[in-house]
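Fit chain Y to the given chain H structure using the hints.
From first to last, the protein sequence lines are chains H and Y. Going by our numbering, the first residue of the first sequence is number 1, and it counts up by one from there. Going by our numbering, the first residue of the second sequence is number 10001, and it counts up by one from there.
Hints may be right or wrong, so weigh each one.
Sample of chain Y residues facing chain H (criterion: CB under 10 Å; computed from the structure) [stated by the list, open to error]:
#: 1; residue: Q10148
#: 2; residue: M10150
#: 3; residue: R10152
#: 4; residue: Q10159
#: 5; residue: P10160
#: 6; residue: R10162
#: 7; residue: G10280
#: 8; residue: H10299
#: 9; residue: T10340
#: 10; residue: G10341
#: 11; residue: T10343
#: 12; residue: I10363
#: 13; residue: R10367
Below, a list of computed lysine to aspartate or glutamate pairs in the DMTMM-like style, where the Cα atoms sit at most 25 Å apart [what the hints assert, rightly or not]:
#: 14; chain 1: Y; residue 1: K10569; chain 2: Y; residue 2: D10815
#: 15; chain 1: H; residue 1: K225; chain 2: Y; residue 2: E10358
#: 16; chain 1: H; residue 1: K215; chain 2: Y; residue 2: D10351
#: 17; chain 1: H; residue 1: K13; chain 2: Y; residue 2: E10166
#: 18; chain 1: H; residue 1: K215; chain 2: Y; residue 2: E10166
#: 19; chain 1: H; residue 1: K228; chain 2: Y; residue 2: E10358
#: 20; chain 1: H; residue 1: K215; chain 2: H; residue 2: E76
#: 21; chain 1: H; residue 1: K151; chain 2: Y; residue 2: E10401
#: 22; chain 1: H; residue 1: K225; chain 2: Y; residue 2: D10351
#: 23; chain 1: H; residue 1: K215; chain 2: Y; residue 2: D10597
#: 24; chain 1: H; residue 1: K141; chain 2: Y; residue 2: E10166
#: 25; chain 1: Y; residue 1: K11041; chain 2: Y; residue 2: E10691
#: 26; chain 1: Y; residue 1: K10829; chain 2: Y; residue 2: D11066
To be clear, the hints were calculated from the coordinates, so they are not data collected in a lab. Just so it is clear, the structure is predicted and the values come from calculations on it, not from any experiment. Even for Gly, the Cβ is constructed at its ideal location relative to N, Cα and C.
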Amino acid sequence: MNLKKAVITAAGKNQRTLPLQSLVDTDGVTKTALAIIIEEALAAGVEEVGIVIQPGDQTAYAAAAGPHAARITFVEQAEPLGYGHAVACARNFTAGAPFLLLVGDHLYVNSEARGCARQLVELAASTSCSVSAVQATHESKLPYYGAVGCKRVPGQTGLYEVTEVLEKPTPTEAEQRLVVPGLRAGHYLCFFGMHVLTSTVMDLLAGSVEAAGGKGVHLSDALAKLAKKERYLATELKGRRYDIGAKYGLLTAQLALALAGDDRDEVLGGLVELLAQRTR
Amino acid sequence: MISLLPLITSADPAVRDQSLDASCRVASVAELLAACDELDGFRRKAENLYERVRALFFLSAIHRFHLPEKLRSGGPSDRSAALIPFRGYEQLLHRRFEEAIDTFLALQAGQGPSDGLASALANAYHRLAFQTLADQVRRSVRSVRGNQWMFRMGHPADQPLRIRPELLRRGADGAYPILRELTPVRMDLTHSAWSDIFFLGMDFPEGAKVVNVSVDLGVHGRDARPRPPVSAWLRVLDEPVLRLTSVDLGATADITALGEVFDFAKDHLGLLKAAVIASGIVPPGIEGSGQSLADLLAHIVGPGRGLEIVSCVNDIPKGSRLAVSTNLLGSLISVCMRATGQTTGSADKGDVTGPLSEADRRIVLARALLGEWLGGSGGGWQDSGGVWPGIKLITGVPASESDPEWGISRGCLMPSHHVFSADEIPESARQALQDSLVVVHGGMAQNVGPILEMVTEKYLLRSEAEWIGRKDALTVLDEVISALRRGDIRALAAATTRNFRRPIQTIIPWASTFYTEQLIAKAGAAFGDDFWGFWMLGGMSGGGMGFIFAPHRKVEAQARMQEIMSATKRELQHALPFAMEPVVFDYAINEHGTWADLLAGDDALMPPGYYALTVPALVRQDRRELPLARRAELDTFGAAARTRPELRGLVQTLFDVLLPRGRSESAGGVPLADLLDQNGFDRAQHEQIREDLREGRIGLAQNRLRADAIIEDVRPEDVSFEDGAREAGEAALRAGEVAVITLAAGAGSRWTQGAGVCKALHPFAKFSGRHRTFIEAHLAKSRRTSRASGTPLPHVFTTSYATHGPTERFLAAVDNYGYQGPLHLSPGKNVGLRMVPTARDLRFAWEEMPQQRLDEQQQKVRESLRAALIGWATSAGEASDYTDNVPLQSMHPVGHWYEVPNLFRNGVLARLLTERPQLRWLLLHNIDTLGADVDPALLGQHIRSGAALTFEVITRRLEDRGGGLARVNGRPRLVEGLAMPREEDEFRLSYYNSMTTWIDLDRLLSAFGLTREDIVAGDAVKITAAIRGLAAKMPTYVTLKEVKKRWGHGQEDIFPVTQFEKLWGDLTALPEIESRFVVVPRLRGQQLKDQAQLDGWLRDGSAAYVESLCEWE
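Chain H on its own, in the form it takes in the complex (with noise of 0.2 Å):
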């Protein structure tokens, strides 16, 4: 698999201007945060992006590109009928090639030297199949993302061939068809907003646009039924990711990178400050 293309939705209800946040990068770098998306799927390997977009958003988005607007296509939702749909909207963009699939407002920060859309397209490439980055997650936490019911691959730490899934799953339907050997009681795999998918996903996604008549689509529908059509592939990365999307993501998000990269100390430094100053 040779993968070229990597798609990023930044159309969601409140998500259109998380990816316009500036932060410091781990090269110590103030960049927007789509910019960091961008480079990490650059980083990847891939060479052109597509962004999915509200109407009216190109020009702030193109700005917050900077230096790598060049590579990149914007599409525009025209309506916000769901994460299915927001990718379905990007099917002419990666015209039937395998792609690099990554939320707006999701950073990420990898703890080993590889980038975390790297090690997954180098995963996707060794194994040619679908490989969503998953990552084990407290039952509570299950109204927030997609879950996936795997078998571990046999002799593979951390990879899974995917028989279900389901979004947003109660802990009662997760605990009957979700559950993985080896993870902690009340744990489940959930994306981890990153996928490699192949086109059979565009083609299934299309279907469900049509079936669901102006009503919204979900992405999950589609893996589920990919699960059921090919291989298709889950994998825990070493990183973590932060949503900057939720009450002090982007903070948090901030102090993750920073603390993963050149500033580390300056940064340190800064918090024991703040922490000893603290009257109260």
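Showing chain Y alone in chain H's frame:
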């Protein structure tokens, strides 16, 4: 040497299914003890749950039935035999069964086996076996996938459930929509010999099979058409509370604290609470976490919001044997699960309404099992059947490697359901069934718990007849299915009748009652060949039952069965515990199973009964203070009440609730005050007792003898044994010097748990092919004695306000059972008025007396109930008159001490003396001492002894609690359990008082300061003074009794009430009366106190012994 291990461990079913009884019958005491040693060693090591449990049941049965019999045949009671150690008894109370067994076994090893120790071991093994089984079911309930997460959740922030968005969509007027779940109940077509008990299904899944039908229901003549009888309603509230309402029980509560959700017995909302917990809204794992309910609700519904859940069962009476409460639990759980997106048609993936998928139904079942366990009850595994549609076959499932039960039990906890399609059972057959079957509620409400235990035990013991019965029941199931497929209802009726007559009654004779037999006989007489058969609906007959008729006579049969049941109930209402008037049901097969719809806008109304309950309080509030949604709801309700025909009666109901009619105190016409007057109520004494109670001068703690009293076991010279004075006895009988007095004034509070029926008239068991009452059994013994001696024996039954009228009418109706000797009733002349207990006495009874701890969850429920009852006593007024019940339940008899003096006062003794001037000896015994008869040898011994009173005592078994024969400060006397200063003293006493007393009339009269001439002369003043004089020397005991209050549709609440009594055995404390004590065989002296004893009584030879004393015709 016999070995019983192969019966448990053999791989060959032919060996494994052999009966224990057959193997033990031939063994000697030594062989049995050796076999027990081997079994006990085995059960301690056994890894397999069911092998362990079977070994425990084997041990229990050997100690209950086989050892006592062999010990008995070894000679007369040995008074050096080991007594039951108090330490072991305490261990039993605390459910430390293993330790108790070790204590008893150690003593047995040292002192040898005894009847008492065997009874203690039997009890300990029996209870350990059930505990082991119950623990396993519980573990399985928790480990069902889909239930586990709820036990991990301990903080609101961990709550993963979210309300479905459609329930948050307000209407234009601000009201939230209502999610309504309508659920049918289930009828069990095959019964299959209780194969739906978990313990059976989990050991013998191949034999666990039932055919069960989901039905809509209506009360014939009351409801226009059958509807799903069970409904659950849910909506969002603008307040952070959990508002629970049970329309049928008239209870509603706003719950604001997490702890209250787990307080099951505080009010009548236990079932709703169990559903809220089992559905994961307030998951079981959060109990005791100290977290806030509002926070938890905020995570599910949103900040500042709450949930309202309402249950309704369309006034279907309790005890219908249609699993109404389990299906209501299922309905509530289903509506809660739908509302929180836990059904697969959920979370943006589909619709919240409509039927459930099979996967959803299974999880509702798993949750209902959890809910039953939480609530301390326990329905069978087929009971949630109403959640499924139509007619289905429910079968046990052998455990496979992926099940949590694998390696532990042979079967899974949850059965599988096969819903019959229209191809398998055609529409015409379904219609034919409905055209022939008349479903009724006979009106009896009985506790089936003991029956389920008996069934389990007999199954695990593979008792010969019962095992054949079980196999027979499986063939009945095949017949039923085949008849259904063909639509041959006549064959179906034959099969269900055979089921009832053969396997069911082979396994449990008590499944039928005299009432049921009467109904079947009368239906047969009225409809002849058009009465096709009887169908037992559930655990026991007398409540929900089916009668099958030729279709062209069904309508007529419905009316006729109502008449038959009502008339039969009237005849038997004093003899059997009826909870309600019998009803006939209309029903229809429900082909959907449970079903939900969303009510919005003008339809967003709760069931009508809900408004009768809530509107009066709402209209009293300032309208402006009501939340927006409430105001909108009231408007919608107001409009609907004016226009909708189905709400027509509601305005009147509301009016009645707002302006209640004056409540009349009388029931059955006679007001309480009149009844008290008629029955010799002593108001001055009553007020004195009240004051003493309030001041703390009397009470449970004050019943006891002084703490420094020395209580010792009697010495050999204090008792005698039967010594062959038969001839003197026979001579007295021939001369007509003897009469029998049976104490029948009691309402059998233990027998029917306070239902207030006459125990004497209860047709409790079959002898010579018919159900016989206690009275008939006692008369049959006197008949035999009369015939043997050639002189008719006078027989007196003492009665009370509660039993006199019914007993008199009953004896007239049966023509005194043809008894030829003189037969008299001796009406009571004293009565007391029950009082609300003091909190002090309740605490003493529940906290300071040794208590039987219950199973963990049941104990929690009991503690919650007791806290509520102490609250009730305080708010109702301690030691105030208990009048909030029917008059007969408000009065109480004042103890059996008065029974003999009553004979002096009411003229019965005078009549006896006039008829038989030579009368000199009386035999006094309790109604439940069935083995007592006028044994000439014992009579002769009494005559020869010259004593005023001879009391019969028996060796003590574990269940013989409540005092005994003791030396108190050096003098032998009977001591009541209430008077024991220390609980453990009782366990040092070898003998238990059977209450049976031989009386020398003249000596007794002289103790009163009376003569037989005084009695015959009927000098009321002198007699009354004499009685009062002796009564003053007798201690007065304050006791707590449980009394049932009936309300609603077959609902019953049990309240503890205070009453006082004076007891006969205390006469032995008086030095002026010479009392002697004779040790009699257990079969003669034991009492039948509790219906749960019946089965053991039948199996251990007691029934046969009684039968041998009787002549019925």
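For which of the previously enumerated hints does the structure constitute a violation, in increasing order of number? Going through the list in order, the structure violates no hint and respects every one.
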